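**Student:** Sequence:
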Amino acid sequence: MKIRLMILLLIITNNLAAQSKKENLDAYFSTLFKNEQFNGNVLIAENGKTLYEKSFGFADISNKRMLTADASFPIASITKTFTATAILQLKQKGKLQLQDQVAKFLPDFPYPKVTIKQLLSHTAGLPIYDSLFFSMIPKHPDTVFTNKDLIPAFVSTKAPLIFKSGEDFSYNNVNYNILALIIEKLSGLSYGSYLNEYIFKPAGMKSTSLSNFFSREDKNLAKRYGLKYPYSEKLQLVDTAAEFKIIYSFNFQGHGDLISTTHDLLQYDIALSNGSLLNDVILKEAFTPVILANGQDNVQRYGLGWITKADTSIGEIVKHDCGLPGGRTMLLRNLGRNQTIILFDNNANNVVPIADEALRILNGLDVEKPRKSAARSYAVALAKSGVKVSNTVLSKIKSDTTNYYLSENEINSLGYAFLQNNRPIEAETTFRKNVELFPSSWNTYDSYGEVLLQRGKKKEAMKMYLQSVKLNPDNENGKTVLEEVSVSDIKFNSAGVILEGTIYKPKRINAAVVLVHGSGQEKRMNDLASLLSRNGIAVLTYDKRGVGKSGGVYAGPEVGTNNVDATNLDLLALDASAAADELSRHLRIKHVPMGLMGFSQAAWVIPLAAKKNLKVKFITLFSAPVVTTLEQLRFQFYTNGNAKFWETHTEAEAREHISNDPDKYQFVGTDPLQSLNSLSIPGLWIYGGKDIQAPVGLSTERLELLKVKGKKYEVQLFPELGHNTGFSKSKEPMEFAIRWIKNRSSTTKGNLQAQENILH
0 MKIRLMILLL IITNNLAAQS KKENLDAYFS TLFKNEQFNG NVLIAENGKT LYEKSFGFAD
60 ISNKRMLTAD ASFPIASITK TFTATAILQL KQKGKLQLQD QVAKFLPDFP YPKVTIKQLL
120 SHTAGLPIYD SLFFSMIPKH PDTVFTNKDL IPAFVSTKAP LIFKSGEDFS YNNVNYNILA
180 LIIEKLSGLS YGSYLNEYIF KPAGMKSTSL SNFFSREDKN LAKRYGLKYP YSEKLQLVDT
240 AAEFKIIYSF NFQGHGDLIS TTHDLLQYDI ALSNGSLLND VILKEAFTPV ILANGQDNVQ
300 RYGLGWITKA DTSIGEIVKH DCGLPGGRTM LLRNLGRNQT IILFDNNANN VVPIADEALR
360 ILNGLDVEKP RKSAARSYAV ALAKSGVKVS NTVLSKIKSD TTNYYLSENE INSLGYAFLQ
420 NNRPIEAETT FRKNVELFPS SWNTYDSYGE VLLQRGKKKE AMKMYLQSVK LNPDNENGKT
480 VLEEVSVSDI KFNSAGVILE GTIYKPKRIN AAVVLVHGSG QEKRMNDLAS LLSRNGIAVL
540 TYDKRGVGKS GGVYAGPEVG TNNVDATNLD LLALDASAAA DELSRHLRIK HVPMGLMGFS
600 QAAWVIPLAA KKNLKVKFIT LFSAPVVTTL EQLRFQFYTN GNAKFWETHT EAEAREHISN
660 DPDKYQFVGT DPLQSLNSLS IPGLWIYGGK DIQAPVGLST ERLELLKVKG KKYEVQLFPE
720 LGHNTGFSKS KEPMEFAIRW IKNRSSTTKG NLQAQENILH
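Sequence positions in the sequence shown follow numbering that gives the first Met the number 0 and run 0 to 759.
Please keep in mind that the hints were generated in silico from the structure rather than gathered at the bench. It cannot be assumed that every hint is accurate.
The calculated DSS-like cross-link candidates involving lysine-lysine, where the alpha carbons are at most 25 Å apart (straight line), are [what the hints assert, rightly or not]:
1. K63 / K53
2. K456 / K371
3. K92 / K200
4. K283 / K21
5. K456 / K610
6. K92 / K371
7. K184 / K200
8. K371 / K116
9. K103 / K116
Fair warning: this is a prediction, and the values are worked out from it, not measured in the lab.
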């Protein structure tokens with residue numbers, strides 16, 4: 000009787016404990032949902048049995064479709080655990096060894112020392128997608144690249160390993176694409192068929208399939224939403240967002256291409272636990288961090304397809320999470336206590352800390368109540384309503400520490416988000432606010448100094464960097480900035496007119512440029528000059544003739560004059576040439592190539608200036624048409640500012656209008672080809688594929704003809720961008736130009752050395 004009573008009491012106690020855990024978990028996740036910090040499905044289990052399960056929010060906002068337990072999500076990088084399981088099954092069957100070299104199974108694989116184990120553990124050092132395919136996409140916009148394109152890309156690009164295999168760790172999807180090829184080679188099955196036959200079926204997974212992230216076939220698939228910017232107020236559907244369209248160019252398998260449900264992942268967890276998929280010896284190896292050649296753990300404590308946690312106070316934890324546009328998922332397994340946490344979120348919320356807190360609740364430990372971010376509330380208000388409203392919002396909520404937290408790092412990140420998305424005023428405001436809120440932090444001054452420097456506020460920036468270094472004498476970035484870039488205002492004469500500008504001179508100079516204006520009443524471009532100088536490029540930027548502090552008379556439609564008349568363009572070219580002479584005089588450094596960089600209307604100014612001045616050794620132009628000024632105006636009148644012009648018009652139609660439309664103005668035109676034909680210096684033209692102000696197709700064709708004649712001209716196209724390539728939200732065009740310009744330095748030095756060798 001006593002034994003029965005004790006058993007009954009034990010059952011009651013366990014049930015009460017389970018109920019308490021369930022209530023605590025529900026309170027935690029409900030608060031997260033209320034705070035807009037979780038939107039998705041959660042399933043938490045012990046010993047293979049569901050303890051807590053719930054769906055929060057919408058699967059489809061526009062159609063008001065709620066999430067349910069059977070909703071499917073792309074599990075992205077959790078797929079890697081399935082690929083790893085498949086490879087380890089092949090090992091278990093004796094078809095491969097982990098130390099086998101990849102080339103044993105894929106003979107064309109060009110890295111002979113890379114092993115299967117190194118692929119599994121991300122220690123192979125393979126090149127990433129960017130270096131293999133991003134340059135191909137503009138040339139093949141309709142091509143969808145697959146696993147079969149990887150090895151040919153390795154071979155054709157001759158891309159080197161990013162480090163010696165086994166000596167470092169670099170998380171890289173390509174590793175698992177190659178593993179998928181090995182699975183197919185050894186099994187004789189497609190990757191998807193193998194998973195279905197040897198993992199999904201044995202595990203009882205009936206709702207898991209192989210698909211790309213944008214599958215429309217699954218009616219239960221949760222749509223994914225995200226913030227366009229960290230300071231955006233509302234979510235947007237990421238599938239249709241232009242910035243994510245590049246994903247349509249890829250259909251790689253093995254790294255992140257499965258769609259599943261929380262129930263199916265629990266079945267997978269159970270199958271791993273009961274030995275249905277792999278034996279205990281192999282699983283133990285999979286859950287052990289791979290040691291690098293130096294004898295140390297890799298930085299992520301990555302095993303064979305699984306991430307392991309060093310902290311074992313709650314149990315031995317293995318996991319894998321994923322992040323994709325609009326989606327975050329987590330599979331966390333506590334091996335010692337047979338606990339499982341599965342989280343799917345379709346609003347891009349970070350599930351990693353959520354899983355950690357849920358694990359603590361599951362093990363009876365206290366957690367803090369989730370609180371909202373005061374930094375985000377401030378940034379949303381700043382972006383939407385300006386400084387006054389955002390300050391009011393912040394003052395109201397920062398003292399409410401029960402419901403809000405204030406993070407220095409978050410404010411800093413939001414400042415950089417503004418900066419990266421061409422909102423420098425909001426960026427400066429945000430960094431200044433961070434200094435006010437956290438005056439003892441060296442990093443707030445460092446970041447504030449950075450934005451001030453980019454905005455051309457040199458003196459204020461130096462004060463911030465000095466304070467940052469005072470607070471942290473080990474701040475190498477601050478010390479470097481204080482030493483590296485000198486900024487000086489200058490005046491110079493051009494055709495009898497005094498022009499004023501600024502020279503940015505880095506300590507280590509790789510190249511130098513004069514910034515040449517586009518159309519409009521443009522002053523000196525301090526933000527761009529600061530960026531270039533921090534990349535080792537000396538810069539002279541000046542106020543355009545008749546603008547700002549520069550003398551002379553400005554010509555343009557704003558004042559009723561023609562800014563593309565040959566006389567005005569030649570005058571602007573004289574100004575650019577005089578600026579080049581001034582920059583050369585200030586630098587006085589041999590072997591440093593100097594060039595001209597400009598935008599739009601500089602298409603006609605820069606070739607003229609380069610022809611006038613032999614000191615100019617290269618030219619770099621953004622969205623610069625290679626057509627006559629008359630042809631350019633015909634094109635602009637035809638497109639008429641229609642942002643969707645290329646959706647309804649063809650290149651042939653545009654060219655017909657460029658050639659045949661009547662001219663609305665009579666003036667002496669300029670043809671850049673006359674100058675470009677006579678130049679013998681290298682040039683780079685950067686275009687956006689959706690430009691409606693410059694005829695990109697015709698310009699590119701004419702440059703290609705010049706290349707056939709032996710001209711050293713290059714064209715780089717960014718298909719998704721418009722006319723504003725030089726100042727777009729994408730950093731890629733300017734980063735490409737900077738790399739190209741810095742390469743002029745090595746080329747120039749090489750040519751000079753060759754000349755010296757000949758002379759001797």
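**Student:** It remains to establish, for every hint, whether it holds in the given structure.
**Tutor:** To see whether the hints hold, each was checked on the structure:
no. : hint        : in the structure
1   : K63 / K53   : holds, 18 Å
2   : K456 / K371 : violated, 34 Å
3   : K92 / K200  : holds, 18 Å
4   : K283 / K21  : violated, 31 Å
5   : K456 / K610 : violated, 34 Å
6   : K92 / K371  : violated, 51 Å
7   : K184 / K200 : holds, 21 Å
8   : K371 / K116 : violated, 42 Å
9   : K103 / K116 : holds, 13 Å
Violated hints, in rising order: 2, 4, 5, 6 and 8; the structure is consistent with all others.
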